[in-house]
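Engineer: Residue-level listing of the chains:
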Amino acid sequence: DSGVTQTPKHLITATGQRVTLRCSPRSGDLSVYWYQQSLDQGLQFLIQYYNGEERAKGNILERFSAQQFPDLHSELNLSSLELGDSALYFCASSAAGGQGMETQYFGPGTRLLVL
Amino acid sequence: AQSVTQLGSHVSVSEGALVLLRCNYSSSVPPYLFWYVQYPNKGLQLLLKYTSAATLVKGINGFEAEFKKSETSFHLTKPSAHMSDAAEYFCAVRNNAGNMLTFGGGTRLMVKP
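Going down the list, the sequences are from chains A and B.
The first sequence begins at 700 in my numbering and counts up one residue at a time.
The second sequence begins at 1448 in my numbering and counts up one residue at a time.
These are calculated hints, taken from the structure and not from any lab test.
Beta carbons: idealized from backbone N, C-alpha and C, even for Gly.
Treat the hints with caution; some may be incorrect.
[Claimed, not checked] In silico DSS-like links for lysine-lysine, alpha-carbon gap of 27 Å or less:
hint	chain 1	residue 1	chain 2	residue 2
1	B	Lys1496	A	Lys756
2	A	Lys708	A	Lys756
3	A	Lys756	B	Lys1489
4	A	Lys708	B	Lys1489
[Unchecked claim] Over the 12 Å line for every Cβ pair with chain A, so calculated as not near, a few chain B residues:
hint	residue
5	Val1458
6	Glu1462
7	Pro1526
8	Ser1527
9	Met1530
10	Met1557
Isolated chain A (complex conformation) (with noise of 0.2 Å):
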């Protein structure tokens, strides 16, 4: 267990459709990030927050946004779904900012399937 947790772990939806993911880094990690995984893309790191600043964006599209809370919790928001937006989406936390050797903890995931 990472101590990093994702809410929930399974979501089916609709096409057009908006929902949030939810990500608790573990504790006093200052970091969170979004990853996606799907068939098609792999592994794909979509946006850093670092205490509670956007601190970098990979490969993001303009339907989703991120922030995090003063509590340190983050969120995923997407939008307009699309069928192509099935994927599993990781949230990781780390200490600080996430440079060099630090290490990337990962939740188990938020499995999302839209139809």
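Please arrange chain B on chain A, whose structure you already have, making use of the hints.
Structural biologist: Only chain B this time, still in chain A's reference frame:
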């Protein structure tokens, strides 16, 4: 730009045999390299990481990896496979200037009895 290539999307070994999972990286600066394992329906778990302190890195569950700068490789090995090693393995790279991890495509390891 940094990238990782994992040769072989599927590797099958017999129980007790040597495990060798290949990873080659591309990075313009000295990289930090990681191996993660993903068991079925689970998140990613760190196996080991290269931090430039030593070229041979020992990880959990008997795995180790050797950093070879001349070959830009960081292959993962285990002397004797167990059934419980069946999982998907990901190599990842991060350079010191960046925060994000760039992952390879993953290698699914199957262990035959």
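Engineer: State for each hint whether it applies.
Structural biologist: Okay, the hints, checked on the actual structure:
no. : hint                    : verdict
1   : B/Lys1496 with A/Lys756 : holds (23 Å)
2   : A/Lys708 with A/Lys756  : holds (24 Å)
3   : A/Lys756 with B/Lys1489 : holds (25 Å)
4   : A/Lys708 with B/Lys1489 : holds (11 Å)
5   : Val1458                 : holds (17 Å)
6   : Glu1462                 : holds (27 Å)
7   : Pro1526                 : holds (25 Å)
8   : Ser1527                 : holds (27 Å)
9   : Met1530                 : holds (22 Å)
10  : Met1557                 : holds (18 Å)
Consistency with the previously given hints is maintained throughout, with no hint failing.
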